[in-house]
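Please build the complex by placing chain B on the supplied structure of chain A, with the hints as guidance.
From first to last, the protein sequence lines stand for chains A and B.
Numbering that gives the first Met the number 0 puts the last residue of the first sequence at 161; the count rises by one with no breaks.
Numbering that gives the first Met the number 0 puts the last residue of the second sequence at 581; the count rises by one with no breaks.
I should point out that these hints are in silico values taken from the structure, not numbers from a laboratory.
All C-beta atoms, glycine included, are put in the ideal place defined by N, C-alpha and C.
Check each hint, because a few of them may be wrong.
[To be verified] Here chain B is said to cover these stretches of chain A; the calculated rule only asks that three of the stretch's residues, wherever they fall, bring their Cβ under 8 Å from a Cβ of chain B: (1) 26–36; (2) 62–71; (3) 98–109.
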Amino acid sequence: MINANVTNIPRFAHAYQQAPWRVQRQWVGAFLLAVLALAMVAALYLDVTARAAITGREIQDLQLQIASIQRTNADLQTRLATSLSTSNMASRAFTLGFRPAEAGEIHYLIVPGFYRPSAVMLVSSAPQSVTQTLPPEYSESLFDWFADLLGQPATGLAGVTP
Amino acid sequence: MRREYGWRSSALAIVFGFCAFLILGQMVRIQTSAEADIFREQAELFAGNWRTYYPERGRIYDRNGHLLAGNEQVYTVGVNITEMNDAQAIALAVSANLGLDFNIVYPQLLNPDGLTFLTLKDFVTGDELAPLQEMQRQVSAQSLAGNRPSPLAGLEFQPRLQRSYPEHALASNLIGFVNREGRGYFGVEEKYNNLLAGNPVRVWVPEDPNRAAELPHVPGGTTLVLTIDRDVQSAAEESLDQALIDTGAQNGTIIIMDPASGEILAMATTPRMDLNQFWNYSAYFNNAYEFNPAISMQYEPGSVFKILTMAGALDMGLVQDRTPFFDTGSIIVGEVNIQNWDRGSWGAQDMTTCLQHSLNVCLAWVSTQMGADHFYDYMRRFGIGHTTGIDLAGEVAGRLKMPRDDDWYPVDLGTNAFGQGVAVTPIQMLAAVSAVANDGRMVTPRILNSMVRDGRQFNILPSIAGTPISAQTAHTLSQMLATSLESEASMALIPGYRVAGKTGTAQIPVNGYYDPNQTNVSFVGWGPVDDPKFLVYVWLEGPTSSPWANETAAPLFAEIVQKLVILLNIPPDFIRLQTASQ
Chain A
0 MINANVTNIP RFAHAYQQAP WRVQRQWVGA FLLAVLALAM VAALYLDVTA
50 RAAITGREIQ DLQLQIASIQ RTNADLQTRL ATSLSTSNMA SRAFTLGFRP
100 AEAGEIHYLI VPGFYRPSAV MLVSSAPQSV TQTLPPEYSE SLFDWFADLL
150 GQPATGLAGV TP
Chain B
0 MRREYGWRSS ALAIVFGFCA FLILGQMVRI QTSAEADIFR EQAELFAGNW
50 RTYYPERGRI YDRNGHLLAG NEQVYTVGVN ITEMNDAQAI ALAVSANLGL
100 DFNIVYPQLL NPDGLTFLTL KDFVTGDELA PLQEMQRQVS AQSLAGNRPS
150 PLAGLEFQPR LQRSYPEHAL ASNLIGFVNR EGRGYFGVEE KYNNLLAGNP
200 VRVWVPEDPN RAAELPHVPG GTTLVLTIDR DVQSAAEESL DQALIDTGAQ
250 NGTIIIMDPA SGEILAMATT PRMDLNQFWN YSAYFNNAYE FNPAISMQYE
300 PGSVFKILTM AGALDMGLVQ DRTPFFDTGS IIVGEVNIQN WDRGSWGAQD
350 MTTCLQHSLN VCLAWVSTQM GADHFYDYMR RFGIGHTTGI DLAGEVAGRL
400 KMPRDDDWYP VDLGTNAFGQ GVAVTPIQML AAVSAVANDG RMVTPRILNS
450 MVRDGRQFNI LPSIAGTPIS AQTAHTLSQM LATSLESEAS MALIPGYRVA
500 GKTGTAQIPV NGYYDPNQTN VSFVGWGPVD DPKFLVYVWL EGPTSSPWAN
550 ETAAPLFAEI VQKLVILLNI PPDFIRLQTA SQ
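Here chain A stands alone, though its shape is the one from the complex (with noise of 0.2 Å):
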């Protein structure tokens, strides 16, 4: 009995073995599904690295131009004031007929409550608005937004007070 299944064990090895076809076919299959993962991941990072340089330059463009606002803007503004200056307004007054008052052609008149600021104000005095900055789903990773999604409370009761 023992004798008869030694016999046997070389006939069962070589009726359960793959042909060697199969084998091959199963590494070259594996190779290929890793060449195909590696080249997924190559193109994914391609893309993005691609996608980020093309923002990069954008950004880069964009502050450029910024440069060239900011300079064009401080250009006009010059500019205006020189179209404004004191000599051009007043030959411009001059010409539209206009001259300067003398002391017995002022009528005063009392205005309740005028206060004449004693100087101008460059800047607003209300709260500087808060600085805009990018949204978190530009910046947080895959973990971050899944352990803020965690840290939530339940949304339905959130906003819940007794």
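Positioned in the frame of chain A, the structure of chain B alone reads:
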């Protein structure tokens, strides 16, 4: 058959593997070769560059928000040698449009001495550049249509900002100017150069777009708001210029200040230069102190100084407004005979008429009665001999000899009392007299009203420089000076407004002697007397129409105040008092 394929596959695998190995090997070899450092340097060279970011220079506004100093866009015109196609075309274009010499530019373009960017002309304004820009645009369009390279390729215009003054010469003496290198000279531009210029930042700017966020944000320079009122300044300059024509004076100064806060509303001097053409500086000025004589020119003030002498005596309780004095026409001080301006004797007087008639003898008597210690102590309290601390570059201290100085003589006590033998600046005189106009409190004159930085405006608070006299003394002296003007029907009087003030006529010392033919004339006055809103100092150098201040400086004071009350919306006294009583 299958074996044959297997062999081929193996052979291909080996070949590809070997190639891969070679590539890897070559990479490792390059990384570790002797030339690796050179490659790294080259990589770093093209990975970015060091740049210095100069922030936009802060602007300067007057108190009402009118721009006095801004920035305009100018261009550096140059050629990128690596992109240049036609040197001759470029040389012709720039010589035709920018006035450059073709015979100089063309050889430079052919032999740029290793430069990759050759600057042809700097600080070209937009208007100057416009024809050249248009030419380049048209030539480029034609070349593109003809599918050939543009002959003006490589011609570049690099924009930048430079200082510009929209009001040109207005208030030039107190604003100062900025040179091509961005450094401020004189006035506010020099005093606040560090604030205005901001902090230049030198950083490594990567070309890698993935590092775009690393580009620095360079905040602009601090913007300044001055206490100057542009319209008042313009009116003062106009009056001063006309006064020079009318009186034949060589130069002049007018300062207008709020006596309560020390805010300078106007500071007009002559000559003035167009700040946009600062390179003409030497055509206007021989010395630096001539740029703003209001703070840098020291001179003998003459009779306006009597205000301070009388203030000290009143404050000591030595005299009162009606204290009698009999004027004999001369007084001996330090063994020197002192006489009146007209060498006459005026008989029975009191302290008010002493000021009214500007009697030297009377004031010399007052100072000798005070004694040197008290007299000079009061002068020190009034800040004579010290800078006022005004926030402008170039202020000088003047000179007040003290009894312990080697060059002080006893006669100085008498002559100093009426403004001889003492050197002051107009701003110093104004600051001292502010104590009389401001209830005894002397203010520090100032030009800066507020500054704007990082989106916030910081106001500068007034500063009291001291209280040399009591409020009672200040009121008494104000009344005395107002009465003296009214009694002599001074040309400084203004209909509808009660003002106080004093003339000053000072001979000019030349080589140790007083020139009998030339005087400096001045007038300091303020009003309305019961609630002073302005303090005006007028100074004219060497008028030829008349040597006397009451005929030259006093009318100029009146003219300025008549404009001033309109510009500052100060109603006549009867309207103002009527309003106050309601």
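For each hint, the structure was consulted:
As drawn, the stretch 26–36 of chain A meets chain B at 0 residues by the rule of a beta-carbon pair under 8 Å; below three, the given contact is violated. Against chain B, the stretch 62–71 of chain A contributes 5 residues with a C-beta closer than 8 Å to a partner C-beta. That satisfies the three-residue criterion, and the hint holds. Taking a C-beta to C-beta cut-off of 8 Å, the stretch 98–109 of chain A contributes 6 residues in contact with chain B, enough for the three needed, and the coverage statement holds.
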